[in-house]
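The whole structure should be built from the sequences, with the hints applied where relevant.
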Amino acid sequence: MGKQILSPENDLPPAYSPPTVPAQTQSQNEDDLLRPTASYDSILGGRPYHSLSSATRATSTVTLWPEYSQDASVLADFVTEHTELPPRPHISIHGEHSDSGGSKNNKSKVVDFDFQIDLTRSVIRHGDSASRWTYTSCISDNDGQKAYRGGRWRSSGPSAPSGRIALPTDDTELPADTDLESGNNDTETTSEAEIKMWSARFCNDPASVKSFTFTRSVNDFDYEVLRRELTGHLRSLNYEGTITIEPVLLGSRVTVYSPHWINKLRNNAFAFWACIILQLWILTWPVIWLLEKRYEVVRTQWLFSRTSFEHTGERISEHSVRVIRHTEYAAGKDEMGVAEMWAPVVRQAAWEKKLGGCTLVKDEISALKARDEERRARAQTGGNEWVERTQAVMGVARGLMGVPGGSTTTGGRGGWGRDRNNSRNGALTVSTGNSTWSINV
Numbered sequence: 002m003g004k005q006i007l008s009p010e011n012d013l014p015p016a017y018s019p020p021t022v023p024a025q026t027q028s029q030n031e032d033d034l035l036r037p038t039a040s041y042d043s044i045l046g047g048r049p050y051h052s053l054s055s056a057t058r059a060t061s062t063v064t065l066w067p068e069y070s071q072d073a074s075v076l077a078d079f080v081t082e083h084t085e086l087p088p089r090p091h092i093s094i095h096g097e098h099s100d101s102g103g104s105k106n107n108k109s110k111v112v113d114f115d116f117q118i119d120l121t122r123s124v125i126r127h128g129d130s131a132s133r134w135t136y137t138s139c140i141s142d143n144d145g146q147k148a149y150r151g152g153r154w155r156s157s158g159p160s161a162p163s164g165r166i167a168l169p170t171d172d173t174e175l176p177a178d179t180d181l182e183s184g185n186n187d188t189e190t191t192s193e194a195e196i197k198m199w200s201a202r203f204c205n206d207p208a209s210v211k212s213f214t215f216t217r218s219v220n221d222f223d224y225e226v227l228r229r230e231l232t233g234h235l236r237s238l239n240y241e242g243t244i245t246i247e248p249v250l251l252g253s254r255v256t257v258y259s260p261h262w263i264n265k266l267r268n269n270a271f272a273f274w275a276c277i278i279l280q281l282w283i284l285t286w287p288v289i290w291l292l293e294k295r296y297e298v299v300r301t302q303w304l305f306s307r308t309s310f311e312h313t314g315e316r317i318s319e320h321s322v323r324v325i326r327h328t329e330y331a332a333g334k335d336e337m338g339v340a341e342m343w344a345p346v347v348r349q350a351a352w353e354k355k356l357g358g359c360t361l362v363k364d365e366i367s368a369l370k371a372r373d374e375e376r377r378a379r380a381q382t383g384g385n386e387w388v389e390r391t392q393a394v395m396g397v398a399r400g401l402m403g404v405p406g407g408s409t410t411t412g413g414r415g416g417w418g419r420d421r422n423n424s425r426n427g428a429l430t431v432s433t434g435n436s437t438w439s440i441n442v
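Numbered continuously in this note's numbering, the sequence shown closes out at residue 442.
Certain hints may be false.
[Said to hold, decoys possible] In silico DSSO-like pairs for lysine-lysine, Cα to Cα no more than 30 Å straight-line:
1) K108 with K354
2) K110 with K355
3) K363 with K334
4) K355 with K108
[Stated by the list, open to error] Simulated DEER-style distance windows between Cβ atoms:
5) D144 with E82: 23 to 29 Å
6) I263 with R58: 19 to 25 Å
7) I277 with G102: 30 to 36 Å
8) R307 with G47: 27 to 33 Å
9) S55 with F271: 14 to 20 Å
10) R307 with D32: 24 to 30 Å
11) T57 with E315: 50 to 56 Å
12) S52 with N107: 28 to 34 Å
13) V112 with I283: 33 to 39 Å
14) R307 with I283: 45 to 51 Å
15) E353 with F271: 34 to 40 Å
16) S109 with Q71: 47 to 53 Å
17) S209 with K363: 43 to 49 Å
Keep in mind that the hints were calculated from the coordinates and are not lab data.
Don't be surprised by glycine CBs; every beta carbon is placed ideally from N, CA and C.
Shown next, in the form of structure tokens:
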């Protein structure tokens, strides 16, 4: 008898049918994921970092609290505590167009909408199981990584005198009874031990001008998917202006400065801007660079997704077996799911021209989502055909003229946000039934 050949359909694994989730439960879950987080970073002496970059000012925090640079145990406890707190990923959404005001040589920018949304609960795991979605790593001596190890520039080896404080290497073994999954061990983990050792090295450094920085990041999240999808939803409003969608990771960088007068001056707003305006930075920044000893050795990463592979044991050839790939998301949604969940809120906030660059709060989010559903329901409701055609034509005409109002498909507003130069380029002629309209545009 001949060998039986299985068809490709028979060779596939059985189809997976996800459990049915009640609509009410799913809605409540999404409302929780949309809820913004409170600012939980309590840093003694904390203040924003002074920088020409608004993104750096928003994401970085500094402190000159004396104990942090004088007592190694206090610094180690501070760093360990804050590495267990996640950063707060936000998205900044900005729309603008230019308006010449009738002058060919004088163009001004008009902001149509400017706001932020808090993605923390949408992309980062919270609760008791959060420890399985984050890990902290520290630079070790002679690990070959380029980092600030107490010197003026990045190096791959120890900047401090050899033998001063021994740091563990990457292959340091943990005790056999250590359980990394539980996140609640009596045994000190490697990262905690390394944090204590680096804290001791920093506090024992005799340099007067020094800094200790630790960073927090979100891994494996593709912001480009969110940018593309939300841009498409904003264009569905007939918005024709320039759309800018940028990620902002609050709490991503915390720096401890020694309380030397130079560090106090560099973190003083008046002194900082005086140096910028008077061009004194040409002299001050090289001096600071020569004097400062920098430590940037602690990094905490929060995972957006995790991938695992299941070996089914089914052999598909002589030398290979079938492996199923599983991807688990921290908040239960991939990038497309996050974008679609936030789309109603973003659409309505842009439609209502939210300004100020502030983060939408809980009550705003719920109200915006409800109003977006109402507006879209009205737009889909059928009506008198002649009236709808007339409103659609007027919407196009008003959009070309930059006047609010328009078609029912976008809630009564045609194309908006277009760059305007207030010059007449011609006439728009539209026929509707037995009527013909001519509008100068």
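Hint check:
With a C-alpha separation of about 21 Å, the suggested pairing of K108 with K354 holds against the 30 Å cut-off. Only pairs whose Cα atoms come within 30 Å are accepted, and K110 paired with K355 is accepted, the gap being roughly 16 Å. Proposed proximity of K363 and K334 is supported: the alpha carbons are some 20 Å apart, at most 30 Å. Our distance criterion of 30 Å between C-alpha atoms is met by K355 and K108, whose separation comes to about 23 Å.
For D144 and E82, the Cβ-Cβ distance of about 25 Å falls inside the hinted range of 23 to 29 Å, so the restraint holds. Hint check: I263 to R58, Cβ distance near 20 Å, so the stated range 19 to 25 Å holds. Distance hint check: the CB atoms of I277 and G102 are about 31 Å apart, consistent with the given range 30 to 36 Å. Here the CB-CB span from R307 to G47 is close to 32 Å, well matched to the stated 27 to 33 Å.
Taking the beta carbon of each, S55 and F271 are about 19 Å apart, inside 14 to 20 Å as hinted. Distance hint check: the CB atoms of R307 and D32 are about 25 Å apart, consistent with the given range 24 to 30 Å. Range check, T57 to E315: about 52 Å between beta-carbon atoms, so the 50 to 56 Å window is met. Checked against the hint of 28 to 34 Å, the pair S52 and N107 passes, with Cβ atoms roughly 31 Å apart.
Remark: the range hint 33 to 39 Å for V112 to I283 is upheld by a beta-carbon distance near 34 Å. Range check, R307 to I283: Cβ separation about 48 Å, and the 45 to 51 Å hint holds. Between E353 and F271, the C-beta spacing of about 38 Å keeps the proposed range 34 to 40 Å intact. The hinted window of 47 to 53 Å between S109 and Q71 holds, with their beta carbons roughly 52 Å apart.
The hint said 43 to 49 Å for the Cβ distance between S209 and K363, and at roughly 46 Å that hint holds.
In this structure, every one of the numbered hints holds.
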